[in-house]
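If you're matching them up, the sequences are chains A and B in order.
Going by the working numbering, the first residue of the first sequence is number 203, and it counts up by one from there.
Going by the working numbering, the first residue of the second sequence is number 203, and it counts up by one from there.
Treat the hints as calculated values from the structure; they're not laboratory data.
Take the hints with a grain of salt, since some may be wrong.
Claimed, not checked - These stretches of chain A come out as covered by chain B in the derived footprint (C-beta under 8 Å, 3 or more residues):
| id | region |
| --- | --- |
| 1 | 286-299 |
| 2 | 329-335 |
| 3 | 456-466 |
To be verified - Ranges between beta-carbon positions, derived for each pair:
| id | chain 1 | residue 1 | chain 2 | residue 2 | range |
| --- | --- | --- | --- | --- | --- |
| 4 | B | Pro466 | A | Asp349 | 34 to 44 Å |
| 5 | B | Glu588 | A | Ala243 | 37 to 47 Å |
| 6 | A | Gln287 | B | Glu588 | 49 to 59 Å |
Ideal placement from N, C-alpha and C gives every residue a C-beta, glycine not left out.
Number of protein chains: 2
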Amino acid sequence: MPERAAILDAGDPLAPYRDRFEVPQGVIYLDGNSLGCLPRATPARVEDVVRGEWGRDLIRSWNSAGWIDLPRRVGSIIAPLIGAQPHEVTACDTTSVNLFKLIAAALALRPGRKVVLSEPGNFPSDLYMIAGLERQGLATRRLAARDHLKDALDADVALLLLTHTHYKTGALFDMAALTRAAHEAGALMLWDLSHSVGALPVDLNGCEADFAVGCGYKYLNGGPGAPAFAFVADRHLAEVEQPLTGWMGHASPFAFSDDYAAAPGIEKLLCGTPGIIGLAALEVGVELIAEIGVEALYAKSQKLSEFFRQCLVEAGVDLELVSPSDPARRGSQLSFRHRHAYAICQALIARGVIGDFRDPDILRFGFAPAYLSFADMADAARHLAEVLESGEYEREEFQERAAVT
Amino acid sequence: MPERAAILDAGDPLAPYRDRFEVPQGVIYLDGNSLGCLPRATPARVEDVVRGEWGRDLIRSWNSAGWIDLPRRVGSIIAPLIGAQPHEVTACDTTSVNLFKLIAAALALRPGRKVVLSEPGNFPSDLYMIAGLERQGLATRRLAARDHLKDALDADVALLLLTHTHYKTGALFDMAALTRAAHEAGALMLWDLSHSVGALPVDLNGCEADFAVGCGYKYLNGGPGAPAFAFVADRHLAEVEQPLTGWMGHASPFAFSDDYAAAPGIEKLLCGTPGIIGLAALEVGVELIAEIGVEALYAKSQKLSEFFRQCLVEAGVDLELVSPSDPARRGSQLSFRHRHAYAICQALIARGVIGDFRDPDILRFGFAPAYLSFADMADAARHLAEVLESGEYEREEFQERAAVT
Chain A
203 MPERAAILDA
213 GDPLAPYRDR
223 FEVPQGVIYL
233 DGNSLGCLPR
243 ATPARVEDVV
253 RGEWGRDLIR
263 SWNSAGWIDL
273 PRRVGSIIAP
283 LIGAQPHEVT
293 ACDTTSVNLF
303 KLIAAALALR
313 PGRKVVLSEP
323 GNFPSDLYMI
333 AGLERQGLAT
343 RRLAARDHLK
353 DALDADVALL
363 LLTHTHYKTG
373 ALFDMAALTR
383 AAHEAGALML
393 WDLSHSVGAL
403 PVDLNGCEAD
413 FAVGCGYKYL
423 NGGPGAPAFA
433 FVADRHLAEV
443 EQPLTGWMGH
453 ASPFAFSDDY
463 AAAPGIEKLL
473 CGTPGIIGLA
483 ALEVGVELIA
493 EIGVEALYAK
503 SQKLSEFFRQ
513 CLVEAGVDLE
523 LVSPSDPARR
533 GSQLSFRHRH
543 AYAICQALIA
553 RGVIGDFRDP
563 DILRFGFAPA
573 YLSFADMADA
583 ARHLAEVLES
593 GEYEREEFQE
603 RAAVT
Chain B
203 MPERAAILDA
213 GDPLAPYRDR
223 FEVPQGVIYL
233 DGNSLGCLPR
243 ATPARVEDVV
253 RGEWGRDLIR
263 SWNSAGWIDL
273 PRRVGSIIAP
283 LIGAQPHEVT
293 ACDTTSVNLF
303 KLIAAALALR
313 PGRKVVLSEP
323 GNFPSDLYMI
333 AGLERQGLAT
343 RRLAARDHLK
353 DALDADVALL
363 LLTHTHYKTG
373 ALFDMAALTR
383 AAHEAGALML
393 WDLSHSVGAL
403 PVDLNGCEAD
413 FAVGCGYKYL
423 NGGPGAPAFA
433 FVADRHLAEV
443 EQPLTGWMGH
453 ASPFAFSDDY
463 AAAPGIEKLL
473 CGTPGIIGLA
483 ALEVGVELIA
493 EIGVEALYAK
503 SQKLSEFFRQ
513 CLVEAGVDLE
523 LVSPSDPARR
533 GSQLSFRHRH
543 AYAICQALIA
553 RGVIGDFRDP
563 DILRFGFAPA
573 YLSFADMADA
583 ARHLAEVLES
593 GEYEREEFQE
603 RAAVT
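Between the sequences and the hints, there should be enough to build the whole structure, so can you do that?
Quick look at the structure:
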């Protein structure tokens, strides 16, 4: 397979972009869906923000460096990646906090309906943020398996909240079909794009989605705990209300009035003072992904994952695939089930192949197409085959669970 | 006054700490209560996080670099500055988001009571976050002037929410007396310490406060939009519930279960994935302030502001002081009223004296004692006298309002 990998790499139009990232020597990084690699341009940008904008220009940078516009500016670069207009997206807070804002906003737009529908096994924070509003007495959480979601959409449902690419299996929802089903039931649609954005094209406006959120530190390469983003469709911007009414969401924050009046546009989603260093780092990652283009990224990611599967077959590895086998029906990842998934993951990490484990028995490999090569696929498959064949994952050192798995 | 300033600087035990900060040449920075100066150690720490922990160690840093413990670690360094135990404080999200969590938590602890009492003119986000819960139908906002707060504390009040040091005037509340009054009325007490922490000693547990929040980017020098912190008194930790129930607040985040179960300790205040770069920068600022010590900082800040006032008197400046004239009754700032406050502020900035303006007519000078000298006070007073005397603030260039004032 190394020969085939070399041919594929030679024909890969995205190959030059690998040099735009810090990919550590000796590491095959199949965890870009958890924390994306560092863009090479980021350290200098962060240093400029810290030493120049903060250290030298201090408070003046809110105007002179445009800090005050940074949430909207980063949002506007994310917008075309997700099929949104620039004024419909802002970057701020965390995915979880933005979920709370938009679930609450949807409930306020559907008085008399309290049910927020999702699927069991959705990313926990999605489910937990519904639970937070449920604890407030404002929502009722309803979960239905993905095949039964349409049946569960009745006249009580205010909002359907789904994650486009499943974090564990990589399975994709049909965004247009589900959004249509939600609307037909009189409900609104909120998409969590955390495992999609930057890896595959998303067309929020094309399928008339109402709301979306997503993560900045996965395929957008914004850095650990990077700010998240939020989308509100233009047709809702004027009327939407969210309860985290902090001063940065005010129509005139610097009037310092006692009474809240929401900003007319997407700024109404802002709450407290945005984290500037994190936003600046995120901007670099987002600009780079926008430059490469999500269509090209998605095309390569499908080739990468299919090639990885072929390498496994040739190496005689027979693992239970829990991701859809059709690349058109999954995001940029492959997940396998194995009862020793945790230890296998640790044994691979010891060899420099970093994937990750998801409780209880999932081995998850993400294929960030911006910086991975086909040679990486061949090498990773070989390591996985050796780990399984040798049984080295049974060593005691690979059994002990770390705080973060 | 330059001679007196030189004598005071020579006798200032904190003078050596100025070199631990980047204080730009030609700038007298009287706005550390809006955005604190850059600690000299911060850029290297941030670079290490970006290039080393993120770039080289990638996802492994959640364990190896202790990212997962960073909110608690930073919280534990803040704790002694505010009279708290280390396990009662965490650093996360923004002040506004933390206000929402703790206002909601207080309401849940006082079923049957819906009123959240504060004062008009409190920092807007404090008032707006109450309004957000009011819009949800869960709270009723009541405002009473500070002299009438005790009268307004009746059996409907669930929570008294006040800012210890007023952002505009610098006036201090008697924390012990107000907390006692709230408790006597059966209400809980939440202190916003944004303009106090790092500038003066605060004793939350000494006055039996229930909750507190505070800002990381003012006197803690954590950088623009730094993460904030939140305090929950130990006696409430077991039972307190807050609605922003994100995955990082779960008892077992990496079990990825569908149902939320709050972490037993202060981690239950966490919501989404914390911003690591911002937290790391904040940690440097907090460590430095803790090293200097808040008692020493407060002693110097009182001397600085009193000396500034003397310099103004000697320069013949007669401005209306809106801060308490007794330094024991104010935080680390002096605010003056002038109908041309905005233009005067701009004229001073043009001379390198950076204070700030607060709508509609307040000129605000913060005295961050960690990096200001008595010579700065003498120079700033001279510039202010010259700006007023010359009328240069009347120039057209100083009238135009920027986006951020």
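> Which hints from the list above does the structure break, by number from lowest to highest?
Replying inline: When the structure is compared with the hints, none of them turns out to be violated.
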